[in-house]
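> Sequence:
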Amino acid sequence: MEMPAPNPRVLSLKPRLVERLQAVLPAGAVIHDEAETRAYECDALTAYACPPLCAVLPATTQEVSDVLRICHEMGVPVVPRGAGTSLAGGALPTADSVILGVARMNAVLETDYDNRFIRVQTGRTNLSVTGAVEADGFFYAPDPSSQLACAIAGNIAMNSGGAHCLKYGVTTNNLLGVTMVMMDGTVAEIGGACMDAGGYDLLGLVCGSEGQLGVVTEATLRILPKPEGARPVLMGYDSNEVAGQVVSDIIKAGVLPVAIEFMDRPCIRATEAFAKAGYPDCEALLIVEVEGSDAEIDEQLGLITQIARRHNPVELRESTGPEESARIWLGRKSAFGAMGQINDYMCLDGTIPVSQLPYVLRRIGEMSKEYGLDVGNVFHAGDGNMHPLILFDANKPGDLELCEAFGADILRLCVEVGGCLTGEHGVGIEKRDLMVDQFGPDDLDIQMAVKDVFDPKWLLNPAKVFPLQASQTRRAA
Numbered sequence: 004m005e006m007p008a009p010n011p012r013v014l015s016l017k018p019r020l021v022e023r024l025q026a027v028l029p030a031g032a033v034i035h036d037e038a039e040t041r042a043y044e045c046d047a048l049t050a051y052a053c054p055p056l057c058a059v060l061p062a063t064t065q066e067v068s069d070v071l072r073i074c075h076e077m078g079v080p081v082v083p084r085g086a087g088t089s090l091a092g093g094a095l096p097t098a099d100s101v102i103l104g105v106a107r108m109n110a111v112l113e114t115d116y117d118n119r120f121i122r123v124q125t126g127r128t129n130l131s132v133t134g135a136v137e138a139d140g141f142f143y144a145p146d147p148s149s150q151l152a153c154a155i156a157g158n159i160a161m162n163s164g165g166a167h168c169l170k171y172g173v174t175t176n177n178l179l180g181v182t183m184v185m186m187d188g189t190v191a192e193i194g195g196a197c198m199d200a201g202g203y204d205l206l207g208l209v210c211g212s213e214g215q216l217g218v219v220t221e222a223t224l225r226i227l228p229k230p231e232g233a234r235p236v237l238m239g240y241d242s243n244e245v246a247g248q249v250v251s252d253i254i255k256a257g258v259l260p261v262a263i264e265f266m267d268r269p270c271i272r273a274t275e276a277f278a279k280a281g282y283p284d285c286e287a288l289l290i291v292e293v294e295g296s297d298a299e300i301d302e303q304l305g306l307i308t309q310i311a312r313r314h315n316p317v318e319l320r321e322s323t324g325p326e327e328s329a330r331i332w333l334g335r336k337s338a339f340g341a342m343g344q345i346n347d348y349m350c351l352d353g354t355i356p357v358s359q360l361p362y363v364l365r366r367i368g369e370m371s372k373e374y375g376l377d378v379g380n381v382f383h384a385g386d387g388n389m390h391p392l393i394l395f396d397a398n399k400p401g402d403l404e405l406c407e408a409f410g411a412d413i414l415r416l417c418v419e420v421g422g423c424l425t426g427e428h429g430v431g432i433e434k435r436d437l438m439v440d441q442f443g444p445d446d447l448d449i450q451m452a453v454k455d456v457f458d459p460k461w462l463l464n465p466a467k468v469f470p471l472q473a474s475q476t477r478r479a480a
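For the sequence shown, this note's numbering begins at 4 and goes up steadily by one.
Source of the hints: derived by calculation from the structure; they are not laboratory data. A few of these clues could be false.
[Claimed, not checked] Have a look at the derived ranges for each label pair, beta carbon to beta carbon:
#1 Val190 with Arg365: 25 to 31 Å
#2 Ser296 with Glu326: 17 to 23 Å
#3 Glu318 with Val453: 45 to 51 Å
#4 Lys17 with Arg365: 51 to 57 Å
#5 Pro325 with Gly257: 27 to 33 Å
#6 Pro459 with Asp204: 18 to 24 Å
Quick caveat, the model's predicted, so the values are computed rather than measured. No residue lacks a Cβ here, since even glycine has one placed at the ideal position from N, Cα and C.
Turn these sequences into a full structure, and let the hints guide you.
Structure representation (structure tokens):
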């Protein structure tokens, strides 16, 4: 993956830059030793790494504003970083950039149960938002697989979802307002503590903008009362295509489960060896969960199991209690770690219409044979957000490049059937050069014109989202 050459002028500014940053930040908040900056050289897309010029760890919105103002004045690029869990290289630095990490910004600023919102600093982890309100009977709905570690800042940047997004939506459906610092240090308040704030919907523009427009330091999030109960059902099938058809039929029937999760044989075997969740020996597995009162759950699961039986399941197991529910979910929650024990892999993030699941799964299987690389499929099937895991050997010359080519073809397939390049991981560096497969020149030009307004010097999160040549041309203009 090509990255821009560092700007020699910016590299020469490091001593003065560090001096100015240390003047506005507390002791220890500026990391500039070359060995120490290596901790920030990559995110969860570990195939690519580049130590930054330096890293800063502010603790307040004012400190973020001071950092951005200094970097803007000196013409130094800035890469915002949440917890570094991005799978698309969204927080990969350039050699002449400053990493701005929000890890120290993790406070709960306000909780309002009457109006059902919580305001937090964006370095707070996803799961700890629910942790702050669950004793009072509330929860925060978006639940990415990395929720134990990922930060709200990154969730907003990539518009993250999770297993329960089918019913509750992704981050944008649960975000009410933000405090955002723009590249020149200007602090903007966008949205508020209600669902529909007045004025232009700039909040919809910011959520999913991947750090291209500003650094979000505070977020007002919607919290919901915990449901009365929840119950999953596990279904095993003899083929990926049949399981995909079951998903399509459930959605067409008008049932709204809280989650529909899919795993294929490679993932099932890996998770069984790793977590021993008691999954059946089959080609494809679905976990469908519904919520509500006991009567609501019984009614919904009754219809879902009727649909499931029409497709001759290898196994159909409805949970009988909390312990069994936890075991049903155990393997799914362990899937990514379990696959990592088998081999190196690249996790993709294409989104397709649910009706296209059987076809796309079949084509991925065919392409796997063509490329000679195995694929494990585990994803949020209810909203068509796919996460194929392409297995490769990072120590074998040419295998990474082959894996990337295979991944690009899978993502092009998603676009061809009416889907898009990303559902929640973002574009980052991974998919930036595939943007031309989804958007025409005019579409891309309009998107880049929006960045021109917020970041005229193109200093925020360089070499991401837009095709590299186009973004470099824009920055030089």
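> With reference to the structure, classify each hint as holding or not holding.
Outcome of the hint check:
no.: 1; hint: Val190 with Arg365: 25 to 31 Å; result: 51 Å, violated
no.: 2; hint: Ser296 with Glu326: 17 to 23 Å; result: 21 Å, holds
no.: 3; hint: Glu318 with Val453: 45 to 51 Å; result: 49 Å, holds
no.: 4; hint: Lys17 with Arg365: 51 to 57 Å; result: 53 Å, holds
no.: 5; hint: Pro325 with Gly257: 27 to 33 Å; result: 28 Å, holds
no.: 6; hint: Pro459 with Asp204: 18 to 24 Å; result: 22 Å, holds
In terms of the numbered hints stated before, the structure departs from hint 1 and from no other.
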